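Undergrad: Each chain, written out:
Protein chains: 2
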Amino acid sequence: MAGASVTPTPLLKDELDIVIPTIRNLDFLEMWRPFFQPYHLIIVQDGDPSKTINVPEGFDYELYNRDDINRILGPKASCISFKDSACRCFGYMVSKKKYIYTIDDDCFVAKDPSGKDINALEQHIKNLLCPSTPHFFNTLYDPYREGADFVRGYPFSMREGAATAVSHGLWLNIPDYDAPTQLVKPRERNTRYVDAVMTIPKGTLFPMCGMNLAFDRELIGPAMYFGLMGDGQPIGRYDDMWAGWCIKVICDHLGLGVKTGLPYIWHSKASNPFVNLKKEYKGIYWQEEIIPFFQSATLPKDCTSVQQCYLELSKQVKEKLSAIDPYFTKLADAMVTWIEAWDELNPKPSISNGPGK
Amino acid sequence: MAGASVTPTPLLKDELDIVIPTIRNLDFLEMWRPFFQPYHLIIVQDGDPSKTINVPEGFDYELYNRDDINRILGPKASCISFKDSACRCFGYMVSKKKYIYTIDDDCFVAKDPSGKDINALEQHIKNLLCPSTPHFFNTLYDPYREGADFVRGYPFSMREGAATAVSHGLWLNIPDYDAPTQLVKPRERNTRYVDAVMTIPKGTLFPMCGMNLAFDRELIGPAMYFGLMGDGQPIGRYDDMWAGWCIKVICDHLGLGVKTGLPYIWHSKASNPFVNLKKEYKGIYWQEEIIPFFQSATLPKDCTSVQQCYLELSKQVKEKLSAIDPYFTKLADAMVTWIEAWDELNPKPSISNGPGK
Chain A
1 MAGASVTPTP LLKDELDIVI PTIRNLDFLE MWRPFFQPYH LIIVQDGDPS KTINVPEGFD
61 YELYNRDDIN RILGPKASCI SFKDSACRCF GYMVSKKKYI YTIDDDCFVA KDPSGKDINA
121 LEQHIKNLLC PSTPHFFNTL YDPYREGADF VRGYPFSMRE GAATAVSHGL WLNIPDYDAP
181 TQLVKPRERN TRYVDAVMTI PKGTLFPMCG MNLAFDRELI GPAMYFGLMG DGQPIGRYDD
241 MWAGWCIKVI CDHLGLGVKT GLPYIWHSKA SNPFVNLKKE YKGIYWQEEI IPFFQSATLP
301 KDCTSVQQCY LELSKQVKEK LSAIDPYFTK LADAMVTWIE AWDELNPKPS ISNGPGK
Chain B
1 MAGASVTPTP LLKDELDIVI PTIRNLDFLE MWRPFFQPYH LIIVQDGDPS KTINVPEGFD
61 YELYNRDDIN RILGPKASCI SFKDSACRCF GYMVSKKKYI YTIDDDCFVA KDPSGKDINA
121 LEQHIKNLLC PSTPHFFNTL YDPYREGADF VRGYPFSMRE GAATAVSHGL WLNIPDYDAP
181 TQLVKPRERN TRYVDAVMTI PKGTLFPMCG MNLAFDRELI GPAMYFGLMG DGQPIGRYDD
241 MWAGWCIKVI CDHLGLGVKT GLPYIWHSKA SNPFVNLKKE YKGIYWQEEI IPFFQSATLP
301 KDCTSVQQCY LELSKQVKEK LSAIDPYFTK LADAMVTWIE AWDELNPKPS ISNGPGK
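As they're listed, the protein sequences go chains A and B.
Heads up, the first sequence is in UniProt numbering, so the first residue is 1 and it goes up one at a time.
Heads up, the second sequence is in UniProt numbering, so the first residue is 1 and it goes up one at a time.
In isolation and in its complexed conformation, chain A is listed as follows (with noise of 0.2 Å):
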């Protein structure tokens, strides 16, 4: 095709790696085509490791199924969740690049209000690379967007911003509804297409979504740990939830910026409602206590690495939330297991070897 016509370069195309848990074919990424053709994907295979996931043709990826996981990571492997999308996180963690978009195989590319299709992608990535707000709000939302800016009232000293670890895309047609709400509501869709890109304030804890996110793996990656959901475990469908309160009290205390709002992918299938229920009821129930904890949780001035903030957060997590029930002892231990496993996987240089890597 060379010479054909000129595209332009897409934005960070060796530096963002698309991760993908998957059970099935990914014939959905035919649509993504013109937009994740570039980019490099990391398919994280759930379930029967024999099974055969075809990719489509022209697609630059590695495939990890939970064999490989075990291999790779040996006894570690156990803070890796099986039959559970919570699998993907394995994917950050053996990229090599500075940011990575996640995005759920039911998930295809929606259209704006004039009928154009979205690049997700692109949206993610200039959200990441423009500063969020988090200690004053906007009223006129992104001040960096183009039209717009601070308005009055703004403290200058605050307009510089603080660097976005993570963008979290919305979803039109299926809301991301809970299984009760879901029941309550079976036919509800989301039509309405809010042009906003919001960040979302310091101290304020949000429902994060995996189905359609991006984050800076060099600034947050080691906390954006998805927990220890499906197979063998009391919980499931908590394992975004779990990353978004981690992450929030996490770039609270670093001073990073969380993102909300565009883009949109097209949501295409509602999960079983009554599936979901078995798998949430637990959530639903220790939410209301979790959701405390991690409003109130305060992490010490010297944890100034993601890694030391992360294994405190375990800490408390042992110490505050057991008592609810012994699996929040696993999963504290697990939160330990990921970093040491996180660590060994993205070993920093050291001074000895020299500069770089």
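Please keep in mind that the hints were generated in silico from the structure rather than gathered at the bench.
What you are looking at is a predicted structure, and each value in this text was computed from that prediction instead of being measured.
It is possible that part of the hints are untrue.
One copy or any two copies: either way a pair holds, since identical chains are not told apart in the list.
Claimed, not checked - DSBU-like cross-link-like pairs, simulated, lysine-lysine; straight-line CA separation at most 30 Å:
hint : residue 1 : residue 2
1    : Lys320    : Lys126
2    : Lys97     : Lys126
3    : Lys269    : Lys330
4    : Lys97     : Lys83
5    : Lys126    : Lys185
6    : Lys301    : Lys320
7    : Lys76     : Lys126
8    : Lys51     : Lys320
9    : Lys279    : Lys116
10   : Lys320    : Lys330
With chain A held as given, fit chain B onto it using these hints.
TA: Chain B only, in chain A's frame:
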């Protein structure tokens, strides 16, 4: 016109006053006639009281000029600003209604993306009548809106939300920029219609603009003081900001909600940036200290009424901000005078008088 057509009674017709500060004839009301005519207007005439303000026919209004303010408040009139639109807060005080909508006389009816006139007042009323969600962030924006709900991971115990005290509307065309931004971007216009109403989370401050603002007088009225600005004061254009910082701290303390977003009005004309710079420059400097003060301000538990909260805040202002400039001592005293005047004009029914007013 009786019998000509059956029109629905406008929302809260007898429970809301529209407060308009002005120095000129109110021709702008012609455009608002279909929306405002059913409501009572309180016009606060600023500047020369001998000047006659022309109000288009058919509107139900009361008008107060400086002579009236002086006559009604006596020596306490000192707390009401002169030659500054901050004088509008006198209207909040003399109103006997539960709700207030205040709008500037250079604001016109905006159009939504479908080209339809926006009934700003109706949207404000909807915002006020519907709860806020200050304690946890809902990624699909207002969960009470039709077609929306709380997303997965939103704690069920928080889904009743909080009573809404304030609805802050936005502006198409001329954005509410400070003088430096006006000077740098004289041609920037806000053309982006964001179809969302957000709750400003607990613990987060925002720059509240008085151009297009509604609130519940019973819930937060006594804190809606627009300070000392204009004639004889070292500062202008910080009246609404001051009120915004105070009401947010008090709403957070009392568990009340503050919303921003829809509705938009059409802001027709940018004020002179050179004049604005003169009014603002001290505020721009001072806000770097004032905002951290409000960000860390806490109120004691035994402050359970807005008045108690406001008097406590006035003490803290005197104690902690007077070092910036003697102006803040004067302002703290004016805050106390304001509450005295408010209580004088809005006496609580005493038990000995029996039930009711």
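Undergrad: For lysine 126 and lysine 185, with the copy left unspecified, which applies at a CA distance of at most 30 Å: within, between, both, or neither?
TA: between (34 Å within a copy, 23 Å between copies)
Undergrad: For lysine 320 and lysine 330, with the copy left unspecified, which applies at a CA distance of at most 30 Å: within, between, both, or neither?
TA: within (13 Å within a copy, 48 Å between copies)
Undergrad: Please sort lysine 97 with lysine 83 into within, between, both or neither, judging by C-alpha distance up to 30 Å.
TA: Within one copy only: 26 Å inside, 59 Å across.
Undergrad: Reference check for the pair lysine 76 and lysine 126, CA-CA at most 30 Å: within, between, both, or neither?
TA: This pair counts as neither: shortest intra-copy Cα distance 35 Å, inter-copy 53 Å.
Undergrad: Checking an output row: lysine 301 and lysine 320, CA cutoff 30 Å. Within, between, both or neither?
TA: Both: 20 Å inside a chain and 26 Å across chains, each within 30 Å.
Undergrad: Evaluate lysine 97 and lysine 126 at a C-alpha cut-off of 30 Å and name the case that applies: within, between, both or neither.
TA: So lysine 97 and lysine 126 pass the 30 Å test inside one copy only (17 Å; across, 47 Å).
Undergrad: If the cut is 30 Å between Cα atoms, do lysine 279 and lysine 116 qualify within a copy, between copies, both or neither?
TA: Intra 37 Å, inter 45 Å, cutoff 30 Å: neither.
Undergrad: Is it within, between, both or neither when you check lysine 51 against lysine 320 at 30 Å Cα-Cα?
TA: neither (41 Å within a copy, 68 Å between copies)
Undergrad: For the identical chains here, do lysine 320 and lysine 126 meet the 30 Å Cα criterion within one copy, between copies, both, or neither?
TA: neither (38 Å within a copy, 41 Å between copies)
Undergrad: Classify it for me, lysine 269 with lysine 330: is the Cα-Cα distance of at most 30 Å met within a copy, between copies, both or neither?
TA: neither (33 Å within a copy, 62 Å between copies)
In summary, the structure is inconsistent with hints 1, 3, 7, 8, 9 from the numbered list given earlier, while agreeing with the others.
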